[in-house]
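Those sequence lines, one after another, are chains A and B. Note that full-length UniProt numbering has the first sequence beginning at 1, numbered continuously upward. Note that full-length UniProt numbering has the second sequence beginning at 1, numbered continuously upward.
No lab work stands behind these hints, which were simulated from the structure alone. Ideal Cβ positions, reconstructed from N, Cα and C, are used throughout, including at glycine. Keep in mind that the hints are not guaranteed to be accurate.
Said to hold, decoys possible - If you want the ones that stay clear, here's a sample from chain A, every Cβ over 12 Å from chain B, calculated: (1) 44; (2) 72; (3) 82; (4) 111; (5) 167; (6) 267.
Said to hold, decoys possible - In silico DSS-like links for lysine-lysine, alpha-carbon gap of 25 Å or less: (7) A:102 <-> B:618; (8) B:743 <-> A:198; (9) A:39 <-> A:142.
Stated by the list, open to error - Taking CB as the label site, the calculated pair distances span: (10) B:868 <-> A:294: 15 to 25 Å; (11) A:217 <-> B:689: 40 to 50 Å; (12) A:403 <-> B:842: 37 to 47 Å.
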Amino acid sequence: MCVLMLCDYVCVQAQKLLRERLCHQKLPDQPVGLDSQYKHLLELLRRTAVHGESNSVLIVGPRGSGKTMLLGCVLRELMSLREVQKNVLLVELNGLLQTDDKIALKEITRQLHLENVVGDKVFGSFAENLAFLLEALKKGDKSSSRPVLFVLDEFDLFAHHKNQTLLYNLLDVSQSAQTPVAVVGLTCRLDVLELLEKRVKSRFSHRQIHLFSSLSFGQYVDVVRAQLSLPPDFPDPKFSDEWNHSVTKLCEDKTVEEILRRNFNGSKDFRSLHSLLFLAVSRVSVSHSTLREADLIEACRLISADSKANVLHGLSILELCLIIAMKHLNDTYDGEPFNFQMVHNEFKKFIQRKSHSIHKFEKPVVMKAFEHLLQLELVRPVDSGVCKVQREYQLMRLMLEHGQVMEALQKYPQCPTDVKQWALSAFG
Amino acid sequence: MSRYITRLRMRRAYKWNGRPVSKDRKLKRQYYESMSISVEGKTEDVTVSLGQYILIEGDDDDNPFVAQLLKLYTDDSGKKKTAVVQWFVRTCEVPQNKRKLLGRHPHPQEIFFYQDCSCDNEVDGETILGAVQIEYVPVEDPFPKGKSKGILFVKLLWDTKSFRALDPELMQPPQSSKSPPPSSRGPQTRALPTPDLSVMKRAMSGILTRGSMSTGKMSSSEAESLHSASKLSAAKALSAKRRSRAVSGPHVRKKLDLCSPSKNMTRDDVLGEILDEHTEKTLTSKLNTSPTGRISISIRLTRLNLNEEECVSPLSSHSPDKPRMTAYDKDESTSVFLGVQPFGDDDAEPLISTCRTPRKREATPRSAGLRGLKARTPSRRKDALREPALAALAEEEHEDSPVQTAATPRSKRKSAQLVSSRIRKQLNLLGNTVDLQSDGVDGDDDDCFVPAKIDLQSSSDEEEEAKIDSEDELIVKKRRGSGTSRSTEKTRVSARTPRKTPSKKTAPATPHTPRHATPSIPSRSAPARKPGNVLEEARDIYNFVESKVIDGTGGCMYISGVPGTGKTATVHEVIRSLQQSAEQDEIPHLRFIEINGMKMTDPHQAYVQILQKLTDQKATPDHAAALLEKRFSAPAPKKETTVLLVDEVRHLLLVTLISIGYFLFIILFDWPTRRNARLVVLTIANTMDLPERIMINRVASRLGLTRMSFQPYTFKQLQQIITSRLNRVKAFEEDALQLVSRKVAALSGDARRCLDICRRATEICEHSGSQKNSSGLVGMSHVMEALDEMFSSSYIAAIRCASVQEQLFLRAVIAEFRRLGLEEATFQQVFVQHQALCRVEGLQPVNVSEGLTVCQRLGSCRLILLEGSRLDLFLRIRLNVSQDDVLYALKAD
C-alpha cells in the first residue's frame with residue numbers, strides 16, 4: 001500500500017516536472033544550433049553595454065524559431081557580466097501591447113524611471129512625453145550615461161505606427177552621439193525593411209540576424225528524447241532510470257518515429273512538438289506509469305484532427321443532408337455560389353427520388369437547419385454586407401473541402417446508407 | 001613705451017639701444033640695430049642685436065621658438081616693436097608623421113633651418129625672450145658632445161616636406177652675426193630654383209591685383225622707383241652687381257657677405273644713397289661703356305634670382321630718406337664703394353643694354369618675380385588677418401596708407417569674400433582631415449597636401465586670401481580660447497606672435513591636430529562631421545543665411561535630398577561656423593532654432609517647440625501660434641536674426657491640407673517675408689517638388705523659394721567620408737574601401753549605409769583576425785561578407801530552411817499558378833495541389849487545418865502574401881518571391 005502510494009507520488013512528480021518543462025518554456029542552457037547568431041548578438045550588445053556604442057539590429061526568423069529565446073539567453077549572459085549588471089537599462093516593448101507610439105512612449109518612460117514618472121503612472125501629454133524622452137536621451141553621452149537596450153518584440157507592428165515616429169527617434173538616437181542605445185527588433189517578417197520609411201531605413205544599421213533552423217530529423221528526435229527524459233537529480237533514481245529507458249525505447253519505435261516525422265515535416269519549430277508531447281505526457285497515469293506509443297498516437301490524432309470535420313460530427317442528419325446537397329451544387333456549378341432555394345430543391349429531389357429513411361421536412365424547418373449551418377460558418381454569404389435580398393435567395397458558399405465532407409460522412413455515427421450513397425454519387 | 005606680457009609671470013621691459021640706424025619715411029618705420037630686454041628682478045639686461053639667434057615666446061614655455069634676428073624696426077608711434085626673423089624649428093615642431101623622414105633619432109638639442117615661404121617672418125618684438133647660441137654642425141659630422149644644454153645645433157634644413165642638407169653659408173656663425181640681410185635671405189633664394197610648386201603657382205597666379213596694404217605700398221614705391229629713370233638705372237646697377245657676384249661663384253659671394261658692412265639695414269640704404277647720389281652719374285657712365293655681352297646674362301639670371309628683387313626693393317623704397325642717411329652713414333659709404341668698385345671693373349656694359357634691360361625686365365621676368373616676392377611677403381598675411389576680423393585696425397591702416405585705400409575696390413566684394421573665407425575655413429578643416437586621411441592611407445607622405453594647396457592657389461586670389469583669413473581667424477579664436485585678453489590690440493599681437501605655428505597649421509600634418517586614434521572605426525560619434533564635399537551645398541547655404549543675417553532680412557530655403565546625403569549635417573556645420581563668426585562680431589548675432597517634424601507628435605507641436613526654444617515659454621499649440629504670430633509681426637528684438645531649421649518638413653504636412661498643419665506651412669514660409677521679422681527658415685525634406693505638390697498658387701507666389709538639392713554621394717565622396725572617419729588609422733585595404741564606396745554609391749549613395757558596412761566589416765575582420773593571423777586590415781573578403789549580410793535577400797535561405805510541408809506548399813502554389821495562368825490562387829485550389837503533391841512524395845496527405853497552418857506560417861514570414869484571412873478556404877494567395885527564386889531554392893536541396 002505504502003509502496004503503491006510512493007509509486008503514485010513519484011509518477012505524479014515526474015509528470016509535473018515534464019509538464020512544467022513543456023509548458024513554461026524555460027530558457028535552455030545554450031541555444032541549439034544558433035551559435036554564430038548567439039555570438040554575434042552577444043558581442044553587439046556587449047559593445048553597447050560596456051563601450052557605449054550605439055547600435056541597432058533586427059532578429060528575423062519564422063515563428064517559433066527561437067528569436068526570443070536567443071535574445072533571452074544573450075541577455076542572461078550579458079547581465080551576468082559584472083560591469084554590465086548595474087549599468088544597463090532594459091526597455092522591453094511589444095508591438096502587440098504597445099499598439100501606438102503614445103502607449104509605447106509611456107511605457108518607455110515608465111521602464112526607464114524618468115523623472116516624470118510617479119509611482120507607476122506617467123504624467124504629461126504625448127507631446128510632452130516625447131519631448132521629455134528625447135531631451136533625456138539627447139543629454140546623455142557615450143561615457144557617462146547608462147546604455148539603454150530597447151527590445152522591440154513584433155518589430156513590424158511598430159512600423160505601422162503613424163509616421164513611425166518612435167522608430168525614427170530611437171534609430172536617430174542610435175545613429176548620433178547621444179545616450180548609447182541598442183535597438184533590438186524581433187520580427188518574423190522577412191520583408192520588414194521594406195516596411196520602414198526611407199528616412200527611418202537610412203538610420204537603421206541594416207544588421208539582421210536571421211534564424212533559420214537547419215535541424216535534421218535526427219537532431220529533432222534527440223531533442224524529443226532530451227525533453228522527455230527525467231533529470232539525473234530526480235528524487236527516485238529507480239523510477240527515473242526506468243522512465244528514461246522507456247523513453248529511449250519509445251524514440252526508436254517505428255510508429256513513434258513516423259508520428260515525429262510527420263510533425264517534423266509539418267514544422268520544425270519546437271512549440272508544436274511541445275504541444276504534442278504535452279498531450280502525450282498528460283496521458284501518463286498511475287495505472288501505466290511509462291510513456292507508451294499509444295499515448296503519442298492519440299496525442300497526434302488530437303493535434304492533427306481537422307477542426308471542421310469535428311464540427312460536422314455534431315450535425316443533425318438534416319443538416320448533413322443540406323451539406324451534401326451543397327456539395328453536389330458545388331460540383332455541378334463548379335464552385336459558383338448558391339442560395340437556399342437551390343439547396344432546398346436539391347434536397348427535395350433527393351427526398352423524392354432516393355430517400356427511404358429520411359422523412360419529409362417542412363421548408364421552415366429546413367430553413368432553420370440552414371441558418372444553423374450559417375451560424376456555424378460552414379456556409380457563408382458571398383458578400384457579407386447588408387443586402388435587400390430575401391434570405392432564401394442570398395448567395396452562399398460552402399466553406400468545406402470535398403474531402404472534409406467525405407471524411408465526416410465516413411466517421412458520422414450511424415449514418416443512413418442512402419445518405420452515404422447520395423454523397424458518393426456523382427450527380428444529384 | 002614698453003608693454004608687459006602678463007602671461008609670463010616675469011615682466012620684461014624692452015628698450016631700443018641707441019638711435020635708429022635708418023628710417024623709412026614711407027613705411028614710417030625706424031630701424032634699429034639692437035634691443036635690450038630687461039627682466040624684472042634681474043640686474044643684467046639682455047641685448048639682442050641683428051644677426052643674433054633669439055628665442056621667441058610661443059605656446060610652449062619650455063620650448064620657445066628659435067629664430068635669427070634679421071631686422072628690428074618700430075612704427076611711427078614708436079609703440080610697436082617689430083622684428084623680422086629667420087625661423088628655426090625644433091624637432092617637436094616638425095609634424096609627427098614627417099619626423100620619420102629624418103631617418104634617425106633627432107638630437108635633443110637639434111633644430112632645423114626652417115624654410116617655408118608661407119611662414120610669416122615678422123614677429124612682435126616684445127615676444128623676444130632672449131638670445132640663444134646655435135652651432136652649425138656639418139651633415140656628416142656627429143653632434144658635438146659635452147656642450148652645455150643651452151646650445152642648439154643645426155644640421156639640416158626643413159622645408160615642410162623634407163629634410164635637406166643645410167648649406168653652411170646660410171648659417172653664419174654668431175660672431176659674424178651682423179651679416180647683411182641678403183645673405184640671411186639666402187635660403188629663399190636657393191629654394192626657388194628647386195621647383196617649389198606652391199611658390200611658383202602663387203607667383204604665376206597674379207596675386208598682385210589684390211593690393212594688400214604693405215604690398216601695395218611696396219609695389220607702388222617700387223613702381224615709382226622703376227619709372228624714375230635715374231633710380232632705375234641705380235637699381236639696375238645694384239642688381240647687376242649682385243648678379244655678377246652670383247656668377248662669380250659662392251666664394252666670392254661669401255666673401256662679400258663676410259666683408260660687407262655690419263649694419264644690415266643701413267647697408268642697403270647706404271647703397272641706395274650712394275647710388276642715388278654718386279653712381280647716378282659715375283656708375284651709369286661706367287655702365288655705358290660696358291660691353292653688350294652682359295645682357296644675356298642679366299636676363300637669364302633675373303628669372304632665377306628673385307632675391308635681386310628684394311635687394312632692389314628696399315633700396316628703392318628707402319630712397320626718399322637720403323638726406324638724413326647720408327649724414328649718418330658717411331663712414332660706411334666707403335666700404336660700400338669698395339664693394340661696388342670691382343663691379344665696374346669686371347664688366348663693361350654698354351649703356352644701350354641698360355637702357356633696354358629695365359624695360360624688358362619690367363615687362364616679363366620681373367613682374368613674375370615681383371609677384372613671387374609679393375606672394376611671399378608675410379606682411380600681407382598680417383593684413384589679411386586683420387582685415388576681416390578687426391575692422392577697426394584695418395581702418396587705422398587705411399588712414400596711414402593712401403595706397404591701400406586707393407586699392408580697395410574689393411571692399412565691395414567684402415561680404416562675398418567673407419563668405420568664401422568662412423566656408424573655406426570650414427572646408428579647410430574638413431579638407432585637411434580628409435587630405436590627411438587619404439595621405440595616411442596612401443602612404444605617400446609628400447604629395448598628400450600639395451595638390452590641395454595648388455588647388456587653392458590656382459583659384460582666384462580671393463580664395464587665396466580667404467584661406468589665409470580663415471587660418472588666421474582660427475588662430476585668433478584659439479588664442480582667445482587660451483585666455484588672452486579680448487582687447488583688439490592684444491589679439492592682434494598674439495595673433496601675430498605665434499604666426500609660426502599657424503602657418504604650420506595649414507601644413508599637412510600638425511602635431512597639434514587633435515586625433516583620437518581608436519583602433520576600430522569610431523562609431524558615429526560625430527554626426528556633424530560630414531567632410532569633403534559639403535562644398536557647393538555648404539557654400540550656398542552659408543551664403544544664403546549669411547547674406548540674410550547681414551542684411552537683417554528674412555528668407556526661406558528649401559533643401560531636398562535622399563536620406564543620408566548630409567543635409568542636416570551640412571546645415572549644422574554652416575550654422576556652427578556662422579555662430580563662430582558671430583562670436584567674433586564679424587556678423588550680427590544670430591539665433592538658431594531647430595525643430596524636426598519627426599520628433600514631434602503632431603504638427604501643432606511645432607508652434608509649441610518653436611516658442612519654447614525661442615522664449616522658453618510653454619503654451620498650448622494655439623496660444624503658441626498666436627504668440628509666435630505676434631513675435632514675428634513686430635520687429636525682432638535685439639536686432640538678432642532667428643534661423644529656424646525645420647527638418648523633415650514633410651511630416652508637418654501630413655494632416656489634411658486645410659488643417660493647421662497646412663497653415664503652419666504657410667506661416668513657416670510667410671513669416672520670413674515679413675518686414676523686420678529677421679527670420680531665416682531652412683526646410684529640409686526628401687522630395688524635391690514638395691512645395692509644388694503641397695502649395696497652391698497663392699502660397700507658391702508668396703515664397704521666393706531658394707532651393708537646393710543634395711545629390712547622393714558619389715563613390716569618391718563616400719571614400720573620402722570613410723577615410724576621414726577613420727582618422728588616418730589604416731584599417732582598410734584600399735580595394736576594400738573602393739568596394740564599399742562603389743557598392744553604396746551604386747545602391748543609394750547613403751553615407752550612413754557606407755559607414756554601417758564598414759563598421760560591420762571591421763567586426764567581421766576582428767573576429768576572423770582572432771582565429772588566424774591575417775594582415776589585420778579589413779580586406780575584400782570581410783567587406784564582401786558584410787555586404788552579403790546586409791544586402792542579400794534572405795528569402796532563399798528561408799525557403800531552404802523551411803519544413804517539408806512548407807516547401808511542398810510553395811511548390812503547390814507555383815503549380816496552381818501555372819495551371820491557372822494567374823499569379824493569384826485561393827487556398828482551396830492550392831490545397832488540392834498540395835494534397836496531390838503529398839501523394840506524389842509519398843507523404844500522408846495533410847488535412848485542411850494542417851494545410852492552413854502551413855499556409856499561415858509562410859504568410860507570417862511574408863514568403864507568400866495572404867489576403868482576407870477571414871475567408872478561410874477562399875484565402876487569396878500570392879507569392880512574395882519570384883517563382884524562379886522559389887524553384888531555385890527548392891531545386892538546390
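Results of checking the hints against the structure:
| no. | hint | verdict |
| --- | --- | --- |
| 1 | 44 | violated, 8 Å |
| 2 | 72 | holds, 21 Å |
| 3 | 82 | holds, 23 Å |
| 4 | 111 | holds, 19 Å |
| 5 | 167 | violated, 10 Å |
| 6 | 267 | violated, 5 Å |
| 7 | A:102 <-> B:618 | holds, 21 Å |
| 8 | B:743 <-> A:198 | holds, 18 Å |
| 9 | A:39 <-> A:142 | holds, 23 Å |
| 10 | B:868 <-> A:294: 15 to 25 Å | violated, 41 Å |
| 11 | A:217 <-> B:689: 40 to 50 Å | violated, 58 Å |
| 12 | A:403 <-> B:842: 37 to 47 Å | violated, 19 Å |
Hint check: violations occur at hints 1, 5, 6, 10, 11 and 12; the rest are consistent with the structure.
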